Amino acid sequence: MLSIKNLTKIYKGGKKAVDNLSLEISAGDIYGFIGHNGAGKTTAIRAIAGVMDFDKGDILIDGHSVKEDGLFCKSITAYIPDNPDLYEHLTGIQYLNFIGDIFKITKVERENKIKKYADAFEITSNLGDLISSYSHGMKQKLALISAFLHSPKLLLLDEPFVGLDPMAALVLKNTMRELTDEGSAIFFSTHVLDVAEKLCNKIAIIKNGKLVASGNTLELTNGNSLEEVFMEVVEHA
Amino acid sequence: MLKQCLKLFKVQLLHMFQINEIIHSKDKRKKRNAILLAFTMILLGLCLMLYVGIMAASLSYINMTNLIPGYMFATTSVLTMVFTIFKASAVLFGSKDYDLLTAMPIKPWVIVVSRFLTMYVSNLVLTLITMIPSALVYGVFAKPGFRFYLMTTVGLFFIPFIPMTLATAVGAVVTGISSRMKHRTLFVTAISFFATVGIIVLSLSSGNVTREMISDLTKIMTEQINSMYFLAPLYTDALVNGSLSSYILFIFLSIIIFAIFVKLISWKFNAINSALSSKTAKGNYVLKDLEISSPLKALYKKEMKRYLSSSLYVLNTGIGYIMMVIFAIAVLVVGIEKMESVMEMPGLSKIFISVAPIMLGMMASIMTTTVSSISIEGKQWWIAQSLPVKTKTVFDSKILINLTIALPCSVISSTLIAFAVSATWLSLLLLYLVPVIYILFTTIMGITINAHMPTFNWDNEAYVIKQSAPVLIAMLVGMSVAGIPIALIFVLNNLASELIVVVVSVILSLVTFVLYSKNNKMELKLIQQQK
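Chains A and B, in that order, are what the protein sequence lines are. Basically my numbering = 1-based index in the first sequence + 28. Basically my numbering = 1-based index in the second sequence + 225.
Chain B extracted, bound-state conformation (with noise of 0.2 Å):
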């Protein structure tokens, strides 16, 4: 059973890192294409370790050292159960090639401790990023023995376990409440999206009530640690004071929670997944009026029924336009003062207008639908090939799905803000303005990457949504362009902020004109993955 396991995994992570692909192909841009997710994974991966180093550090210099470990033991299970949370649910139950599976003489708990694998894999990966960097820099200033690097290595594998099974659970709870509801990904959608927010202000709240209250720092950082996930005591009483029954402790419940976890799923792993494939047919249609619509029209009607087909598309490209919002009606209702010390982000009650514009690009820029349009077309990529109409038409349906999201929450989000900030007409306008341009940049751009690295064979959705590399360029890109000036506002502390914004903004619009005209003269038919 553990060999078919292996092998089961091992089947998933050739797709996953497209192994084979590159392997066997002996197509050059595959292998470039390749090379350059690496990368961009390693670039990411590397901006984060030095992110989190820098945090770490700045632990040490206010006398924290020893909330090191706790606090990023915290801070990485969650975001491993924000992260998870979305796909679990595709990565358990989504897959195209169940019937396969369950036709073999495979037991569920095989099927599921493989996905569950594949899934650990990549937690794995970002507990890497945020714990080796957090435990050098502890190492550095705490000094400590032998004892602590061994049991952090041994630990780091352990880390992922609870958060992926509890965001698992949740999602297949929910999974299989809605397995069976007619609008199952109405339900999915609402209940995962207030699941995420609900994850992300519970941990951000926590330490913003002990702030005012309590003169010592170390113990409102504490409160604020153990309060955000409930182990974060156990370990850093194992890690900093060396307790090895907390450190068994916690190896222990990692072990036991996974393990009952994987019993109770295998036990309602094929009822929920029969479930879910069942189909409402009722057969009982007559011809009616039909409607007439213009190409384009039709397009954007048929790319707005897949959007809202799927739970997944729409929280992963959705949530950063409703962040958008929620930090809007914050600033406005909690006032931006406020929103300095939550964020924590000295000084950003100075600078603020001037950022405003771009914090809202930014959010905006998180993720497009654009960006995997293209891809998630899979197998009925060639109806959009063969039919009578241009390109342009094609990609500007796509891109009207993601403006039909994105404008709104936009102007709602600057209209918000300039409520609750007094400022000139000039910092109105940019307010209005540069988000708008963010986003049309990102569309277009979601569009341009995506054109160049499609991957039509997937079997699971969360693949080309979550996963694939067109997906984490454009995170990179979005994140690059609204970074940077950000961070040269503050290191300029406000001056010629204005200037900054204009000429970003006005680079970006350039980009975005000379992208949007190439895309347009792309030839649908060359778009294919390559073989």
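This is chain A alone, in the form it adopts within the complex (with noise of 0.2 Å):
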């Protein structure tokens, strides 16, 4: 669903923020991308997603070249950044429904989902509120409906539990396995270590730009937790 080739990034002044990355994500696979802060994440994450150009190597989406054939790319996925600022001076409901028209998902099919995301995160009654006056997880959860609403093949989100309550991470989890289960891929960031452990079926760790293990989250663990594994790599990468 989602491969990556070599992909680099260079930032104005030199600094390498992705340094020749290479990852091959499946349909149904939930691949958890860790690493400390400033290693590259957010910015491999947004050259997926579109939102940044890059220098080297080439992404593709569906067998879809994110470069040659971006607009398609995008119709598939759904990003949403470590802190969504969404259009403060929309209602929740607006928001959605632009999404919505967006996409061109049809009337039942964005009433129908709306309903279900929404009454699922227990945001319904917000939905007629401007999204200013939001909490920061509220926005997250308005975000993530509005990412749920065309069934992406390819769901890039970036640090996505930051800021949920409890409940509303309970339901994440259980909507990503929803989604790789009937297919979708899931391509996500996390200082969480926890929840990558039992979420992902894959684990990828990058420092300094850079790969430095990936693979089956089993496989890689072998044993031992996440936490000791991502120190162990990270230390001597």
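Wrong hints could be hidden among the right ones.
Below, in silico cross-link-like pairs of lysine-lysine (PhoX-like), each with a Cα-Cα straight-line distance of 20 Å or less [as the list claims (entries may be wrong)]:
no.: 1; chain 1: B; residue 1: Lys493; chain 2: A; residue 2: Lys143
no.: 2; chain 1: A; residue 1: Lys135; chain 2: B; residue 2: Lys526
no.: 3; chain 1: A; residue 1: Lys132; chain 2: B; residue 2: Lys526
One-sided and incomplete, this derived list gives chain B residues near chain A with beta-carbon spacing under 7 Å [to be verified]:
no.: 4; residue: Gly508
no.: 5; residue: Ile517
no.: 6; residue: Gln610
Treat the hints as calculated values from the structure; they're not laboratory data. A quick note: this is a predicted structure, and the numbers were derived from the prediction, not measured. A virtual CB, placed ideally from N, CA and C, is assigned to each residue, including glycine.
Each chain sits in its own coordinate frame; assemble them with the hints.
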């Protein structure tokens, strides 16, 4: 579903934010992307989402290059940044309807999906209020609902659990499993290693823009905790 | 406390002039843009200085040298009021760093003074631009002593205080009242608009009444200046007659009015900010039928909601169009001969039908919504970048917002003028067509400039709407494309005026087409603030 080939992003000034990163994410994968602050996780995710240009390599989503066929890639992808700043002058329902219009989702489908996810995240009664009145967690929930609206084949989430209450975090985890069961792929960054270990079937560890470890979660941890593996890999890489 | 105030002021200056970005950015484009901005500002300043110098000199040639200091003082003060009234509330109360600052051990007056100083800097620049050339012209013609130069130099720094204080006070009162209102944007927009139009109309009409009454032109002018701004007689007395008591009174009034104002604002600063940040949330929504739109319509609706959510945005971009309609109404009601005297443009009535289309175009070119429409997305720009829509669709939605506001105003204005003057069919055609061409040009050019010089990390929308480089550049370009043909028609004394208008229109249409095509080929992900 997602093929990252030798991705390199160099910032003006010469710093390599992502250095020759290659990864394969298949349909059905919940792929965790971990690394310390400034390791290059967000840059890589932004490049995949098509909101940031990159210098070398290529990214294919469902066989289509994000450089050459960006619009198609975006139409089957959902992306949520680490701090989702949404259109504050719109109400929650107006924002969801806006996303529905852009992704050309049918009326019935969008109404059903909004009801399903807004009820699950317990945010339905707040959808008529301006987003500017929302708390951080409510904005995160709204961003997640907007991402689920068009049943994306690829879901890119940057720190999706930050700001969510325990109930919402559980809803998110269940929805992630539900989506991958239906054939979607999820690639997400997190600092919560416990969640990554339990939720992800595959893990990639990045340090200073370089991939230092990746693979099946069970094989990678090999009986140890992900925290131990992470510390070991990052210290010795 | 003073140290804290200066620290805050320094932080705001660093942000306002993007000094850190210029110093620490490793991007050459960023530095190039900064140089371009500085060049544009210097050019604008020089043009204004030249204009002021010519104005002052023309007063001397008609033996009114003694009126120069008072006239320029009053004009500068009115301009400062007009420029401040729009942004005062946004600068004082609209900053996103309010929570950060109030959580620190800083007194409200320190924040108020530091913000006021930020506005003071830009107004002081305006004061220097208008007062220095006029003082020099006065110096050449009146040959005053050293005392004049000393008093002028020290006085320069006090001139902006009272107009800024008055304008900010109006802004603060409006914001204070509106903070409890549901439709606060509408209220602030309406009040600010009427206040601005009021200031302009009052300062223009004061001279118009006396013009026909008295034959003594000096007396008329003196009355006009004095009615323009209440402190003008005091300033004239101080500078022209060398009255030290008037001078000290002027300085004293400037300081005391400012101090009282700071005290009052500091008293209610937290209350107003808290009221502004409190949001209405009902939390009783029930899912209803949703209206389906095309991607372009959805983006357009989103853009329109953003536009109407900011009174500062509406006022700054709408004022040119509204002035255009007011101008056309004035032409119809007052008549062009009288307009000629009000606008102080002798000979206007003879060539009016030739320059009217471009004059309308010029008013439409003052400001466009598009020139800040990309930057205003701020930290939400990622949404547009990640959506599966073409660049053209995103830009078209922004263009349509400006056209929605501008085109009706243009058609109404052209129609009003068409009724007011007799014209040939070609003149009529140009009267309708040329303003539209200007509007299209400035709208598309606004996108081009903003896409090349976006600012997304602002923490006060006043920065991108009023002070950013794209806004200044667009204003300069807009004034040039209208000013040059108008000047040509004046200089050539209406000879081949229709040809000039047609040629300029054709050139602008071609440039607009090229810019539109180029804009649509841009990649949204490449439109990023450089780090």
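Consistency of the hints with the structure:
1. B/Lys493 <-> A/Lys143: violated (43 Å)
2. A/Lys135 <-> B/Lys526: holds (18 Å)
3. A/Lys132 <-> B/Lys526: Distance of about 16 Å is within 20 Å: holds.
4. Gly508: Holds - the Cβ of B/Gly508 comes within 7 Å of chain A, reaching about 5 Å at its closest.
5. Ile517: This interface hint holds because 5 Å falls under the 7 Å limit.
6. Gln610: Holds: closest Cβ of chain A sits about 4 Å from B/Gln610, inside 7 Å.
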